[in-house]
Amino acid sequence: MCEKERRRLEKLNKFQLSHSYKKIGIIASITIFSLMIAKKFIDEPDWVKPILSGLLLVSMLLISLAKEKVEDEYIDSLRSQSYRFAFIVVIIYSLVQPLVNYGVGILFDETETLKGFDYFQVLFFMLVVQILVFYKLKRYNK
Amino acid sequence: MKNTLKVQRAIKDLTQDDLAKEMGVSRQTINSIEKGRYVPSTVLALKLSAIFGISVNEFFTLEDDD
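As given, the protein sequences belong to chains A and B, one line each in that order.
Residue numbers for the first sequence follow our numbering, so the first one is 1 and each next one is one higher.
Residue numbers for the second sequence follow our numbering, so the first one is 1 and each next one is one higher.
If we strip away everything but chain A, and leave its shape as in the complex, we get:
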């Protein structure tokens, strides 16, 4: 890998948003999540769901990428731990859960088919796990 590529990768790896984006992300996530629940009770066009799902993922990504008030090497290490944990847990969950669903489903209904997850469920779960683990680790060392 040439020096230029290495520097670009390093820059990308250290990319973070300012602390104020955390508040924006939290407010947006709660609002969009409430809208997603509310839309279950009203008729809405087909295009609303993918747009809300996409916006929810973006707002959660803002929380995930926003810096803490004091962002130092320790916080950075907690962040790395949380990304690693979320990555592994979500891969295992996405592999195992459809099999569990299928196994339980076939006990009650022989026509049950093996279904995977859609991208939204996987990404949403990954972001939720990462954010929760990060704050749990932070709280643990308060």
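It is worth saying that the hints were derived from the structure and are not from the lab.
Don't take each hint at face value.
[Stated by the list, open to error] Once the Cα atoms are required to be at most 20 Å apart in a straight line, the calculated EDC-like pairs of lysine to aspartate or glutamate come out as: (1) A:Lys142 x A:Glu71; (2) B:Lys47 x A:Glu71; (3) A:Lys138 x B:Glu34; (4) B:Lys47 x A:Asp72; (5) B:Lys47 x A:Asp76; (6) B:Lys21 x A:Glu73; (7) B:Lys35 x A:Asp72; (8) B:Lys47 x A:Glu73; (9) A:Lys14 x A:Asp72; (10) A:Lys11 x A:Glu68; (11) B:Lys35 x A:Glu73; (12) A:Lys69 x B:Glu22; (13) A:Lys142 x B:Glu34; (14) A:Lys142 x B:Glu22; (15) A:Lys40 x A:Asp118.
[Stated by the list, open to error] Computed spacing ranges between beta-carbons, pair by pair: (16) B:Met1 x A:Gly116: 40 to 46 Å; (17) B:Thr61 x A:Arg8: 38 to 44 Å; (18) B:Met1 x A:Leu114: 47 to 53 Å; (19) A:Phe120 x B:Leu62: 44 to 50 Å; (20) A:Ile27 x B:Ser49: 41 to 47 Å; (21) A:Ala38 x B:Met1: 51 to 57 Å; (22) A:Ile24 x B:Ile11: 42 to 48 Å; (23) A:Arg139 x B:Asp13: 26 to 32 Å; (24) A:Met36 x B:Ala50: 51 to 57 Å; (25) B:Gly53 x A:Phe15: 33 to 39 Å; (26) B:Asp13 x A:Gly54: 52 to 58 Å; (27) A:Val122 x B:Thr61: 41 to 47 Å; (28) A:Gly103 x B:Thr42: 48 to 54 Å; (29) A:Cys2 x B:Ile54: 39 to 45 Å.
Glycine residues also receive a C-beta, built at the ideal position from the N, C-alpha and C atoms.
The hints should help you fit chain B onto chain A, whose structure is shown.
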């Protein structure tokens, strides 16, 4: 790895918050170093050494399982 940060901090009569501000890190960082949950980088170790005026070896000692 063991460290004597808590003792050195008490000798200098510094709170975790004071030290964190002086080093430009969060209070949690100081707390986790004191509790042995986090091993700081060389940069932080040298900053500690400069603030307290003692060598890094006096702060940190290896344990048998290190």
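Exercise for review: Just pull the numbers of the violated hints for me, sorted ascending.
Suggested key: Of the numbered hints given earlier, the structure breaks none, since each of them holds.
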